[in-house]
Structures are given as structure tokens and as C-alpha cells.
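J.: Those protein sequence lines, which keep their order, are chains H and A. Residue numbers for the first sequence, in this note's numbering: 1 to 175. Residue numbers for the second sequence, in this note's numbering: 1 to 845.
Everything labelled a hint here was simulated from the structure, so no lab data went into it. All C-beta atoms in this analysis are idealised placements derived from N, C-alpha and C, irrespective of residue type, glycine included. A few of these clues could be false.
To be verified - Residues of chain A placed beyond 12 Å of chain H at every Cβ, according to the derived structure: (1) T46; (2) G101; (3) Q115; (4) R212; (5) R264; (6) R265; (7) R343; (8) E355; (9) M509; (10) P641; (11) L810.
To be verified - Quick list of simulated restraints, FRET-style, between CB atoms: (12) S827(A) / L44(H): 41 to 49 Å; (13) K85(H) / P92(A): 40 to 48 Å; (14) K670(A) / I149(H): 36 to 44 Å; (15) S827(A) / R151(H): 53 to 61 Å; (16) R711(A) / R151(H): 55 to 63 Å; (17) G588(A) / L44(H): 32 to 40 Å; (18) S139(A) / K85(H): 51 to 59 Å; (19) R785(A) / K85(H): 29 to 37 Å.
Said to hold, decoys possible - Derived lysine-lysine pairs resembling DSSO-like cross-links, with alpha carbons at most 27 Å apart: (20) K84(H) / K754(A); (21) K324(A) / K399(A); (22) K754(A) / K85(H).
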Amino acid sequence: MRACKKLVEVGRRQFLRGGGSVAVGAAAAVVSGGGEAQAASPALARANYPSTRLANVKDLKVNEPKDVAYPDAEMPGVLIKLGKKVPGGVGPDGDIVGFTTVCPHKGFPLFYRADDRTLNCPGHYSRFDCEAGGQQIWGQATQNLPQYILRVDAKGDIYAEGVDELLYGRLSNVL
Amino acid sequence: MAFKRHVDRLPIIPKDAKEHTAVCQFCIVGCGYKAYTWDVNRQGGTTPGDNKFGVDLSKQQTAETAAWYSPSMYNIVKQNGREVHLVIKPDPNCVVNSGLGSIRGARMAEMSYSQATQTQQQRLTDPMVWRYGQMQPTSWDDALDLVARVTAAVIKEQGEDGLIVSAFDHGGAGGGYENTWGTGKLYFGAMKVKNIRIHNRPAYNSEVHATRDMGVGELNNAYEDAELCDTIVAIGCNPLETQTNYFLNHWVPNLRGATLDKKRRLMPDEPHDKAKIIIVDPRRTVTVSACEAEAGKENVLHLALKSGTDLALFNAIFTYIADKGWVDKEFIEKSTLRTPAARPPLFPARGVSDEKPGHLTSFEAAVEGCRISIEEAAKITGLAPADIVKAAEWIAMPKAGGKRRRTMFGYEKGIIWGNDNYRTNGAIVNVALATGNIGRLGGGVVRLGGHQEGYVRPSDAHVGRPAAYVDQLLIGGRGGVHHIWGCDHYKTTLNADQFKRVYKRRTDMVKDAMNSVPAGDRDALVNAIMVAIRQGGLFAVDVDIVPSKIGQACHVWLPAATQGEMNLTSMNGERRMRITERYMDPPGQAMPDCLIAARIANHLERVFRSMGDHAYADKFKGFDWKTEEDAFMDGYHQHAPGGKFVTYERLRAMGTNGFQEPAVDFKDGKIIGTPRLYADGVFSTPDGKARFMDAPWRGLQAAGKAEQQARFPFLINNGRANHVWQSAYLDQQNDLVTDRWPHAFIEMNPDDMKELGIQPGDLVEIVNDAGSTQAMAYPTPSARRRETFMLFGYPNGVQGNVVNAGVNELVIPNYKQTWANIRKLASAPEGARHISFKDQHYRAA
Numbered sequence: 001m002r003a004c005k006k007l008v009e010v011g012r013r014q015f016l017r018g019g020g021s022v023a024v025g026a027a028a029a030v031v032s033g034g035g036e037a038q039a040a041s042p043a044l045a046r047a048n049y050p051s052t053r054l055a056n057v058k059d060l061k062v063n064e065p066k067d068v069a070y071p072d073a074e075m076p077g078v079l080i081k082l083g084k085k086v087p088g089g090v091g092p093d094g095d096i097v098g099f100t101t102v103c104p105h106k107g108f109p110l111f112y113r114a115d116d117r118t119l120n121c122p123g124h125y126s127r128f129d130c131e132a133g134g135q136q137i138w139g140q141a142t143q144n145l146p147q148y149i150l151r152v153d154a155k156g157d158i159y160a161e162g163v164d165e166l167l168y169g170r171l172s173n174v175l
Numbered sequence: 001m002a003f004k005r006h007v008d009r010l011p012i013i014p015k016d017a018k019e020h021t022a023v024c025q026f027c028i029v030g031c032g033y034k035a036y037t038w039d040v041n042r043q044g045g046t047t048p049g050d051n052k053f054g055v056d057l058s059k060q061q062t063a064e065t066a067a068w069y070s071p072s073m074y075n076i077v078k079q080n081g082r083e084v085h086l087v088i089k090p091d092p093n094c095v096v097n098s099g100l101g102s103i104r105g106a107r108m109a110e111m112s113y114s115q116a117t118q119t120q121q122q123r124l125t126d127p128m129v130w131r132y133g134q135m136q137p138t139s140w141d142d143a144l145d146l147v148a149r150v151t152a153a154v155i156k157e158q159g160e161d162g163l164i165v166s167a168f169d170h171g172g173a174g175g176g177y178e179n180t181w182g183t184g185k186l187y188f189g190a191m192k193v194k195n196i197r198i199h200n201r202p203a204y205n206s207e208v209h210a211t212r213d214m215g216v217g218e219l220n221n222a223y224e225d226a227e228l229c230d231t232i233v234a235i236g237c238n239p240l241e242t243q244t245n246y247f248l249n250h251w252v253p254n255l256r257g258a259t260l261d262k263k264r265r266l267m268p269d270e271p272h273d274k275a276k277i278i279i280v281d282p283r284r285t286v287t288v289s290a291c292e293a294e295a296g297k298e299n300v301l302h303l304a305l306k307s308g309t310d311l312a313l314f315n316a317i318f319t320y321i322a323d324k325g326w327v328d329k330e331f332i333e334k335s336t337l338r339t340p341a342a343r344p345p346l347f348p349a350r351g352v353s354d355e356k357p358g359h360l361t362s363f364e365a366a367v368e369g370c371r372i373s374i375e376e377a378a379k380i381t382g383l384a385p386a387d388i389v390k391a392a393e394w395i396a397m398p399k400a401g402g403k404r405r406r407t408m409f410g411y412e413k414g415i416i417w418g419n420d421n422y423r424t425n426g427a428i429v430n431v432a433l434a435t436g437n438i439g440r441l442g443g444g445v446v447r448l449g450g451h452q453e454g455y456v457r458p459s460d461a462h463v464g465r466p467a468a469y470v471d472q473l474l475i476g477g478r479g480g481v482h483h484i485w486g487c488d489h490y491k492t493t494l495n496a497d498q499f500k501r502v503y504k505r506r507t508d509m510v511k512d513a514m515n516s517v518p519a520g521d522r523d524a525l526v527n528a529i530m531v532a533i534r535q536g537g538l539f540a541v542d543v544d545i546v547p548s549k550i551g552q553a554c555h556v557w558l559p560a561a562t563q564g565e566m567n568l569t570s571m572n573g574e575r576r577m578r579i580t581e582r583y584m585d586p587p588g589q590a591m592p593d594c595l596i597a598a599r600i601a602n603h604l605e606r607v608f609r610s611m612g613d614h615a616y617a618d619k620f621k622g623f624d625w626k627t628e629e630d631a632f633m634d635g636y637h638q639h640a641p642g643g644k645f646v647t648y649e650r651l652r653a654m655g656t657n658g659f660q661e662p663a664v665d666f667k668d669g670k671i672i673g674t675p676r677l678y679a680d681g682v683f684s685t686p687d688g689k690a691r692f693m694d695a696p697w698r699g700l701q702a703a704g705k706a707e708q709q710a711r712f713p714f715l716i717n718n719g720r721a722n723h724v725w726q727s728a729y730l731d732q733q734n735d736l737v738t739d740r741w742p743h744a745f746i747e748m749n750p751d752d753m754k755e756l757g758i759q760p761g762d763l764v765e766i767v768n769d770a771g772s773t774q775a776m777a778y779p780t781p782s783a784r785r786r787e788t789f790m791l792f793g794y795p796n797g798v799q800g801n802v803v804n805a806g807v808n809e810l811v812i813p814n815y816k817q818t819w820a821n822i823r824k825l826a827s828a829p830e831g832a833r834h835i836s837f838k839d840q841h842y843r844a845a
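Isolated chain H, as found in the complex (with noise of 0.2 Å):
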């Protein structure tokens, strides 16, 4: 939780100051192991998206997030290990997910809510619920959280390999 609350700190820091950067800093994990980002191909319909190595399910424990970068290193996350099979669950137990923690209302760093299990906006309120597919409990984004799809495979390796949402701050969710 050490560095969820990092992000919570910037995002105050960031709101009180009316803007600033997206919370690069703030990602603790930086992308490891896995395929390169490529860049997107004109020709194709759909960003192309990197798969994406986040950690080993042994990394995790449960409802202790774990901060991550997805699809890029300017784009930060967070993995979960909820405790429940939830929708878009992988892993053994089915309860493993991973969302953007920047907000798609106006891009504020989100923290994470141990209590309630929610991602939630210091910026304006907004709250998502991780085992709810990151609906919008309530708030004033026009999307639900972008949730990331992932894979794990035999040895345990944690994959993104897309998100189901724009995220926040780029055209294109590949850059």
C-alpha cells in the first residue's frame, strides 16, 4: 500500500494545483519481461497491443494492490488479487484483475480502498468498483474503469495483452 498511497498524495498535490502531469512518477513497477510496445500499424483497425509481463501470481497477495504500468511506462496501474473468482479474473482462483489508475473523467491518479475493494478519485469524487469489472459506483466519468485483459501463463507470469476501455489522455491506447 506504501506506493498506492504515493499516488494518492500526488493526486492531491496535483488537484490542489489545478493539473499537472499524469502520475508517472507514481508508478512503482515498471514494465518487465514480455513483448516491446509496438507502434501501432496504420493499416490496422486496433491499437496493437504489447504483451506485457506485470508479475507472478506469487507476487501477490490478497487485496494488497500492486502498482504497474500498462501499456506503457506513462500509463500507471494496478494489479489485484481480490480473493473471489470476479469478472475479468485470471490466475487460479479466477480473482486476479488489473485497471489504469488514471481517472477517464479528467485524469487524476486514483487510490486504491482496501475497505471496499474500489478505486476511487480525489479529483472529483468518482469511485470504481475492482470486483465489479471497474464500474463507476458513482462519479462523473463517462466510462467504466479501463480494465486491463490479461493472461497467465504456466509458470505463473502475469500478461496484459489489451484494456477494454480508452484510457485517459491519448487518442490511441497505444501510443
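Position chain A relative to chain H; hints supplied.
T.: Relative to chain H, chain A alone:
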């Protein structure tokens, strides 16, 4: 799984895209937007020279960037018959919203009619008439001829009282100056229709007669005042959800202390601090939680009073501050009535007449009339006496150096649709007047508003006051023809159960009659309709953009254009007037309401002339408008205060910031407006003096409310949800909204749910002496035991079914004070199984 669009890339706005001025078509705040359009076969690029923003879009953009739009802000629509890309995004240069978009306004593009992307396919494209047992498309001339012939025949038999009208009176979509003038000129100019009601209430009346009678127009301050005041008093309102960007962009900065520099600059001779806020609401709204997160709990006073007791609370505050002498004596002396008339003989039980249910008087007489102790008010409201005193102190206790506190009062439907509307409204204005908080920086006593405003009509004086209770006329079998303009009583009226039963029966009589003759035999058809009307039937014409619920009972549907498909002007909650330019085509044959009204007038003129009634036919002259601009120039330009300074061309030049009405001049290429009303201390009464109101507490005022409260255990408080605009007429086809709210919700205390064996998402029946309805149970820990909150006006769970017919003297409905039983109907249906039932309230980390 929650709804996801799986859109991972959007077309980029090219540098040369057309830019149109737009204002949000939904709520009163009127956030500024820009609509960008460009040919469908073109796109911009990521390099700065290739896009409208002039920035490198191959890079991640920062928080609050202007160079991003969400999929909901994008669509493909028709413009002058050609497919174009459309992006409607919030305008960072508009002083109202500074680039903020709410979950409602930021979906305008996605909720536009598109054949290419298949959005809003519910939109009406053709006039439709009842033929062969169903609604069938037809031509304008055919539909209007039928409307005119039946309307004329009814007027010939019953007079103009036989024509019943339901019509919007507001701004934004389904309204605006052009369209209120078009309908107004038809019904109040050509005709003098008396049996007319407004979209959300069963009569043609003001929602705020009291403040107007006191000489205080209800939209008297500027949004900036929320940034400048010492204290905000928010009464029966929930601005985070219903005036979102007014709250976020103007209230929150003051609660956070971010406007201190501005306060010191504009008001240098007094001490300043960040604002405190008092929120008067039986329910803990998300607004309360947000205020606590921003200002700290010590600066937020939530007065969770018993439902409907606001009058006792404000009278106690008024009494307390008067006794303490925390009043603006100079203002009272100069700007308010000093020679009061005697109390009416039956007061306080009744006013001088039903037309005047209060008693307008001087400060001193009002203080004595309204006098109530803190302890007595505490008993009535259920509040702690110390909290009432604290509220009085936050409102009026002078600042250091004896400086007057600057307090802004905002109220909305909790008061307007609440117990004893007239006196409660008056009691709030009393406190604002006594403390000199009108017409000054950081002041104002204002309704926060629902829709934008956009009213200009010929005089409505002939309607009278109290106005006719139109729903009761319809239920009582009166009237032969009903013209409906952008209203859906089936979803949004009170006593809706009975209304729908009777309305269906009366309109079915006409449908059966129409089924009995060939539709092509016009004379036989009109005769058959008239026979049915004489037997108690009702012929109903529905002008709308979508097939509404009440439309199911109607015989003619006339397709209207909405904002963006026509040029449309409106003003927001600080009287800021803007134009939204036409950026796309209306669907099919749809036309602006003002032109539909004009064409109805043209056909009525023709039909009356053919009947030989030339004198009456002549009344329908003056409707030769070809465009909405013709209606604007005929209406607003000639008839609104300051209208002579305002034209489309000038409004286009004023962009999303427009000007604040009334216009007082046109100088140096700009319309000069009026930031605050009453800055000169002269009020809207014949003598220019404001009135106080002698308005003592009298319990639950509307008929049947006290009995209902005694008989049924659950308060069915009701109102709006953040995701949903109005009656969901567009949202009902928006996946983001219907995924979140597949059914109308009812927020319930979890222990109440447990006691009744109700699980989250279960469908429950709400039932009382007025009727019954259904909703989806949503556990809400902050809800008090036996105090629920149901979504109002939703298509698949109509809260109005359980609101009884009780109104005040001026026929203002009382939706909020409703009590009922609750019982489980069914376990959560499929659509409700995947959704979140977590607490909607934000808590700081």
C-alpha cells in the same frame, strides 16, 4: 461484467474542423462546450500541425488536458445531408465549467441521432398517426390537418377551455427561447388557453411564487458569489449530482480556500477565511460527503432534519438572528417595506386569499409572525438545539471587526417539491433579506435550478392564480383535445397511478372510434373522433423527440428537433445567455418546436377559415416563420427585457461565455449584461421595496400527507441520480446508464432490508393509498432507518405512482413527503446481477 465499449482509438480532430459554439443541453448550469465537425472521410494526425489542438498527440497528455475526448464525446452524424465526424467536448475557456464535463453533458455526442453508429434510433423521424390499430408514419400536412381539424372542432364545441395543453417552459433541450415563444404565441397570443400545465407540475404556475411576491427574482446572483461568500447554505438540494460543475468549479474552490486571494482582492476591508457550508437535507447526499472531504467535517454542518420541517428551522434561525441583532439594519431600512398592512383575518391558517397564502409585511412584523424558539424548532425538526444555533451563527454572526458575514443561500426541489412550498420559500428569503445578502458580492438567495431557463411568452395573466389543476381536469373527464409538448406525465407527474388509468381509458375511446372508420376518409374520421370526445374521450397530440410513455396513449406524434439540430438560445442559473449553434441535421422530417407551433397555427387558420370563422382565423396570423431565427427575432428580440440588444450574430460572437441577462447595452461589439440583480437595492415590486413574509409553521400542509405519514412506515424521499438526465428520455438508450441503473433504485438502510428479507438488487414494491410502483433495492449505510430515497421519473419504476394528489394553495405538488409500505416482489433480475451495490459516497484517503 460492467459495460465496456472496447474502443481503443478515436479519430483525431483535424486542424480545419468546423468549430461550433455549444452549451450543454441538460441542466441549469449550462456548461460551455465546443462541437467540432469534419468530413467523414478525413482525419487529423498526431503531429501538432495536423490536429485542432496543435499538440503532439503521440504523447500522453496530462491531467485536465483540453487535448483529449472520451468515446462518449464522439459520433458520426449528418450535417447538411453529409456524414461528418462529431466531437462535443467541454470548453476550457468557458467561465462556467472551465473545461469540466459531467457524466451527463459529456455524453451529448454519443446521445445524438446517428444512422452510422445506430445511436438514439428511438428518435422520431416522421409524424405518426393512429391508423389501423397502431401508429403509422405520415406527412406533416396529413398529421397537422388532423390535429387542426380536431382541435378546431373541439374549440367550436367547448371553447378554448376544451383544449388542454402540457408544455415545457424551460431552456436547453426541449425548450429554449425560440420554442417557448413559438408555443407561447400559439396558446397565449393567438388563443388564450387557460387549461395549461408545465412539464413537471400539474398547473401553469411558478415553482417559487413566494420569492417573486417578495420582490426577489429567484436567479439573483452570479456563480462567482459561491467563490466569494463566507458561508454557503444549501437547502433541499444536491449540487454535486444535479448542478455538478457549478459545485465543482465554484463551490469546492471556496470550501478548499483556493479563492482567498480573489476574496481579498475584491473585498479588501474585511477578514476572509475559506467557506463553511450548511446543508439542510434529511438525507446524507454525496454532496455532504464531498464537502466533508474538501472542507473538513468541522466546516460542514449537515442538518438532517425530519422531512418537510424546513419552515420551522428557518423561522427559528430568523428569530434567533433578529433577537441577536445580527441583521443589516441599513439595508432593511432602505430596501424593504416599512409600513406593513395588518394580518389577514384568518391568518395564519389562511392568507388573504388562496392566491396569496402568506402575508407580505415588514421585517419587524415578520419576525413576530414567524417567531419560534430554538427548542420548539428542535422538537419539530428533530435537530439538536445547538446545531440550529450554530447554523444561525454561521449565517449571520458578524466577522471580526463587526463585519457582516457574506452568506449565499441555494435551494431547489427539496423546498420546491416540499412541504408548504410558499411559506418555506418565503422563510428562506426572510433570512437572506434580514442579513442583507441580496445583490452583493458573496450573497444571493437563489434556486439552484433543474433545466436551463428560456422563457419568453405573451402574458399568462389570463391563466389566473391559483391556476387550473390540469391533471384533475383530465381525470375529471374535462377537455376534448390535449396538446403535449416535451412532457411525459406517465413518468413525471404526481398521482400518476390514477392519472394513467383515466388517461388510458379516455384516449382508448378515441382510438376505438378511429379504428371504426377508414383513415383516408377525413370527414368521417373527425366525426368519429368527435363522437368519442362527446362521450368522454380525449384526442391527444404528442410533440416530442422520442416516443414517450404518455405517447403510447396518443393519436398523433409530431417529431421535434432538439438542441444542436437547430440553433437554440437559453440562459443558465446565473442568467448567462448563450446560443448553441446548429451542428447537425434533425432526424428525418423532425422540425424545431417553434416551427411546429407555427405550422399548427397555419393549419388552424386555414381550418377556421374553411369553417367560415374569419375573425377567429385571423388570430392565427403572424406565424409565417421559416426558421428558428425568425421565431427568436419575433419573440426574444422584441419581447424579452433587453432583447433589443440581442441577435444571433451577436450571440455567436459572445461564444460560450455569452452575457448575463438582462442585456442593458451593446457596446464595442459586445452585449453588456447584468452580473447580479438588485445591486442597486431596488427590488421587483411596484415600489421597489422587498417584502418579508409572515409565515408561521403549520405542519404538513398538503391534503392527505399527515394521514399518510401516520399510516405508512417508510418515507419515500425521491430525486435524481448522477448518471441520469431528467426522465432518462435519452439515457434509456445509453448503455453506460442502463448498465448502471437497469431499474429505478430505492436506497434503503441495510437493517431495514434485512428485516424485510430484501437482498441488494431485489425488486421491491412500494405501495400506499395513492398507488404502487417498483424499484431495485440499493443498500445505503448512511440512510436512516425507514427513510428511503427513490430515483424520480425513471421509465421502469415511476415514483409518482405513490405521490398523492395533495398540492399547496397554488397547486404546487408535494412529491417529497411521501410515505409507503415496502415489500419484496422478486429476486434481482439478470440485468441487476452484475452491478455494484457499494456505497456511492466518496471518502478521502
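J.: With reference to the structure, classify each hint as holding or not holding.
T.: Hints, verified against the model:
1. T46: Given that some Cβ of chain H is not farther than 12 Å from that of T46(A), nearest at about 8 Å, it is violated.
2. G101: Per Cβ check, G101(A) is inside 12 Å of chain H; nearest 7 Å; violated.
3. Q115: The claim stands: Q115(A) keeps its Cβ more than 12 Å from every Cβ of chain H (closest is about 21 Å).
4. R212: holds, 34 Å
5. R264: It holds; R264(A) is separated from chain H by about 19 Å at its closest Cβ, greater than 12 Å.
6. R265: Given that every Cβ of chain H is farther than 12 Å from that of R265(A), nearest at about 18 Å, it holds.
7. R343: holds, 48 Å
8. E355: holds, 43 Å
9. M509: holds, 45 Å
10. P641: holds, 35 Å
11. L810: holds, 36 Å
12. S827(A) / L44(H): 41 to 49 Å: For L44(H) against S827(A), whose Cβ atoms are near 45 Å apart, the range 41 to 49 Å holds.
13. K85(H) / P92(A): 40 to 48 Å: Given a distance of about 43 Å, which is inside 40 to 48 Å, the answer is holds.
14. K670(A) / I149(H): 36 to 44 Å: violated, 53 Å
15. S827(A) / R151(H): 53 to 61 Å: Once the Cβ atoms are compared, 35 Å apart, the range 53 to 61 Å for R151(H) and S827(A) is violated.
16. R711(A) / R151(H): 55 to 63 Å: 59 Å Cβ-Cβ, so the 55 to 63 Å window holds.
17. G588(A) / L44(H): 32 to 40 Å: holds, 36 Å
18. S139(A) / K85(H): 51 to 59 Å: holds, 57 Å
19. R785(A) / K85(H): 29 to 37 Å: holds, 34 Å
20. K84(H) / K754(A): holds, 24 Å
21. K324(A) / K399(A): holds, 14 Å
22. K754(A) / K85(H): The hint holds at about 25 Å.
This entry does not satisfy hints 1, 2, 14 and 15, going by the numbered hints stated previously.
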